[in-house]
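Participant: Now for the letters of each chain:
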Amino acid sequence: MANEVLIEIKDLTREFDGDIVLKGIDLIIHKNEFVTLLGPSGCGKTTLLRIIGGFDDPTSGSVLFDGMDLLKVPAYRREINTVFQKYAIFPHLNVYDNIAFGLRMKNLPESVVEEKVRRMLKMIRLEKQAKRNIDALSGGQQQRIAIARALVNQPKVLLLDEPLGALDLKLRQEMQYELKEMQRESGITFVFVTHDQEEALTMSDTIVVLNDGLIQQIGSPVDIYNEPRNRFVANFIGESNIARGKMLKDRRVEFEGHVFDCVDRGFNEDEEVDVVIRPEDLKIVSSGEGAFKGFVDAVIFKGVHYEIIVMVEDREYVIHSTQNANVGELVGMVVAPSDIHVMELGV
Amino acid sequence: MVKKWLPNAYLCLIFFFLYAPIVVLVLFSFNASSRATGTWTGFSLEWYVELFEDRQIRGALGYTLIIAILSTAISMVVGTLSAIGVYKLRKKARGYVLNVNYLPIISPEIVTAIGLMILFQSIRLNFGFTTMLLAHIMFSIPYVILQVLPRLYAMDPNMAEAAMDLGATPWQAIRMVVVPEIRPGIFSGALMAFTMSLDDFVISLFNTGNGVTNLSIEVYSMARRGIRPTVNALATLMVAIVFITVLIANQIQLRKKVRG
Amino acid sequence: MNENIKRFSYPYIVWISIVIVIPVLLIFLYSFIQSTGEPVVFRFTLQNYRDFLDPIFLNVLWHSFIIAAISTAICLLLGYPVAWVVSRLKPHRQSSALMLFILPMWINMLLRTYAWITILSRQGILNKILARLGMGPFHMMYTDFSVSLGMVYNFLPFMILPIYTSILKVDGHLIDAARDLGASGSHVFRKVMLPLTMPGIITGVTMVFLPAMSTFVIPQLLGGGQYIMIGNLIERQFLLTGDWHFGSAISVVLMAFILLSVWAMKRFDGGGSQAGTAGKGALPW
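Protein chains in written order, with the numbering used here: chain B, 1 to 347; chain P, 1 to 260; chain A, 1 to 285.
Hints are supplied without guarantee of correctness; some may be wrong.
Once the Cα atoms are required to be at most 16 Å apart in a straight line, the calculated EDC-like pairs of lysine to aspartate or glutamate come out as [stated by the list, open to error]:
no., chain 1, residue 1, chain 2, residue 2
1, B, Lys10, B, Asp57
2, B, Lys249, B, Asp281
3, B, Lys23, B, Glu4
4, P, Lys91, B, Asp17
5, B, Lys302, B, Glu239
6, B, Lys86, P, Glu53
7, B, Lys128, B, Asp97
8, B, Lys156, B, Glu271
9, P, Lys92, B, Glu239
10, A, Lys6, B, Glu110
11, B, Lys246, B, Asp212
12, B, Lys131, B, Glu114
Just a sample of chain B residues kept apart from chain P, beta carbon distances all over 10 Å, derived [to be verified]:
no., residue
13, Arg77
14, Asn81
15, Arg132
16, Arg172
Keep in mind that the hints were calculated from the coordinates and are not lab data.
All C-beta atoms in this analysis are idealised placements derived from N, C-alpha and C, irrespective of residue type, glycine included.
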């Protein structure tokens, strides 16, 4: 990946009638990167996207694009295109004219338009439907048209606002793969907004986790999953067991009344911390062997694995295991030092 | 169980009540007698001849059409653009604007009429063509807005943004994407504006002058002067126009259905 | 971007302020002032309202109310069964029937009202027919009867259409359910249909009563020069006697009266129905 900076967002805020939606966002997006803005609804991710697209203006802060002030450029002159949540395909135009819209706006000769649109139609495998009306097409086809309509303009950045939300599960997974392919082939920077953590983990080079108008963490999918920086990220990305603990010194953490080896360092001595353990990282062993133990409260068969809930006093631990356990049984649990993730104390 | 014929007979009776006067109007336009009472004295086209020779009525017809066309065209454009703007207003501001917009629709015509009359008088506008046109535009725009707004709400909220995203200026976005989307609303609003302008009497009566009249005002003054069969002739022509328009519209709709 | 498009509404906001808001304020203002002398001096007064308290004018108001109320009641009694019958027709017949109700409204209302003179006058068609049957002649024109008839004739469709819409909205299974639970025909109507179609009734009543209360055309054409309703009173002040201040005061009284009536009706309805929204955009006068 070329590490050239494309978009630089500095201390961006946005207020709607006294409601602060973005509270100082700093973010750098590189060329040819697949960036996902991930967060629950109302976290400000769509607002951030709309500001980049030119459909909304920030209250303060700056956005540089290739080193130039982007905020002075109106939406229709930005080299950025958007795939909208409900696609916003023009219903009075057919498939072909929808895709040709942006090219015609640039007053390109019709022969060039034709060639480019044909290529796009081929890419999204809708050549035969070129003259069809939009409402004669399925959701998945409309989705592909929306993407083609944007990509045909060869923008530097493609913004995607929860584009897969309206599709069913199977189609969504197919499209995830397809989108990633398109991004790799076109070399265009994708900024993708979603609240679906699985989507984010599958497709992104970089994930930006947002909550309540603030960036919680920026990192690669692996980093974010394995080293969540706080309780919010740990909870939002995948399932987590979070325990209150104390950092005795570097690489030594105490929780559930036991001292564990871990790989984290850099905390103060005896600092209160949150400890994250992913359900698949906890292993059930016989009650005598475990580092800490509890009673099996429930077992749910999930297909690939069992979800086992173990109560340690009044605290619940979720374990994903291929092995079954018996409800009511006293079991021990172990966890490898590298699977213990220590975070700053959250609220 | 009520007998089947009773409801149908009742319905027919109501239709008779609604259409009998129209039939009477048409029939008596061909009556030879100059007194438009219930006596049939023979077939004649005399009143049509008199109608076409009546310069007063020809003039009124001219004003009616010009004002209807102008006020419809203006309120169609202004109403559509205003509706697009109102649609983007914040909820509270939009509420205020729409409430004011409803006022002429829900207040009695005569109150609207005198309000405008006082307004025009206060700003020393001479009563005549201009005041009548302004008055028609005033009562037409709210209907256009009310027809267009639901269409805007039904539209994908990102539609205009999508056009601008693809390089259209705001004007182009409105012209090329928003207007085609809301076209049915614009047309039905314009149709309402046009028919109401053609038909308007009360507001026109109070806001005209200098010999400018429209058909309704002419009918009113003719009816007040005494009953003349020329009114029947005029009415018959209007009935004919309405029915032919409706027939054509129906035919077009039928054809659309067959094709679709 | 939104800011740009929002600006399209600004000229209209200015426009409606001038042609809608200011006229209302002017009517209020005019009703509270008197102009005297030359050059004209305006001064604040309640005299215009005091003038209206004259029994003659109060009588006109009361008479207008009675005529409008009677016409509305007749429209309701005639219109509800019509709406019901239409709603039981086959769908394609329903739309034809509705079309037939709307069609006359596209013909100039003055002309349609005027036609009744030919029918109702002393030597008119109706009296001729009655004479054949050995009755009459009856004096029908220029009476309360002819005026009410003109109102029913003009406003009946405004009663039928909203009631029809509200009948359509009633789930047919509810009637079956009521029957199933042992309700007789009249019970079904009183306990199920009537409450459920109340929003349509309220809208219809509003849409008929308000224009009936304020019209001056129908009383002028079918009531004759001596027949005065409140609409005629206002018209005369502006077009005949030129006392715009008194005319404005009467208008304010009329509006207050109408608002009061609508409010009373909404209360009668218990606030349960959405009369206001159903009729919006379709009020006829």
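Participant: All the hints need checking, so say for each whether the structure fits it.
Facilitator: We went through each hint and held it up to the structure:
1. Lys10/B x Asp57/B: Cα-Cα ~14 Å, so holds.
2. Lys249/B x Asp281/B: 23 Å, violated
3. Lys23/B x Glu4/B: 26 Å, violated
4. Lys91/P x Asp17/B: With Cα atoms ~12 Å apart, Lys91/P and Asp17/B stay inside 16 Å; holds.
5. Lys302/B x Glu239/B: Cα-Cα ~14 Å, so holds.
6. Lys86/B x Glu53/P: 62 Å, violated
7. Lys128/B x Asp97/B: Holds - the C-alpha atoms of Asp97/B and Lys128/B are around 14 Å apart, at most 16 Å.
8. Lys156/B x Glu271/B: 46 Å, violated
9. Lys92/P x Glu239/B: Distance of about 42 Å is beyond 16 Å: violated.
10. Lys6/A x Glu110/B: 34 Å, violated
11. Lys246/B x Asp212/B: Violated: Lys246/B and Asp212/B sit about 28 Å apart, past 16 Å.
12. Lys131/B x Glu114/B: 13 Å, holds
13. Arg77: Label violated. Min Cβ-Cβ 8 Å, cutoff 10 Å.
14. Asn81: 6 Å, violated
15. Arg132: With a cut-off of 10 Å, Arg132/B remains clear of chain P, as the shortest Cβ separation is near 15 Å.
16. Arg172: 20 Å, holds
In this structure, the hints that do not hold are numbers 2, 3, 6, 8, 9, 10, 11, 13, 14, in rising order.
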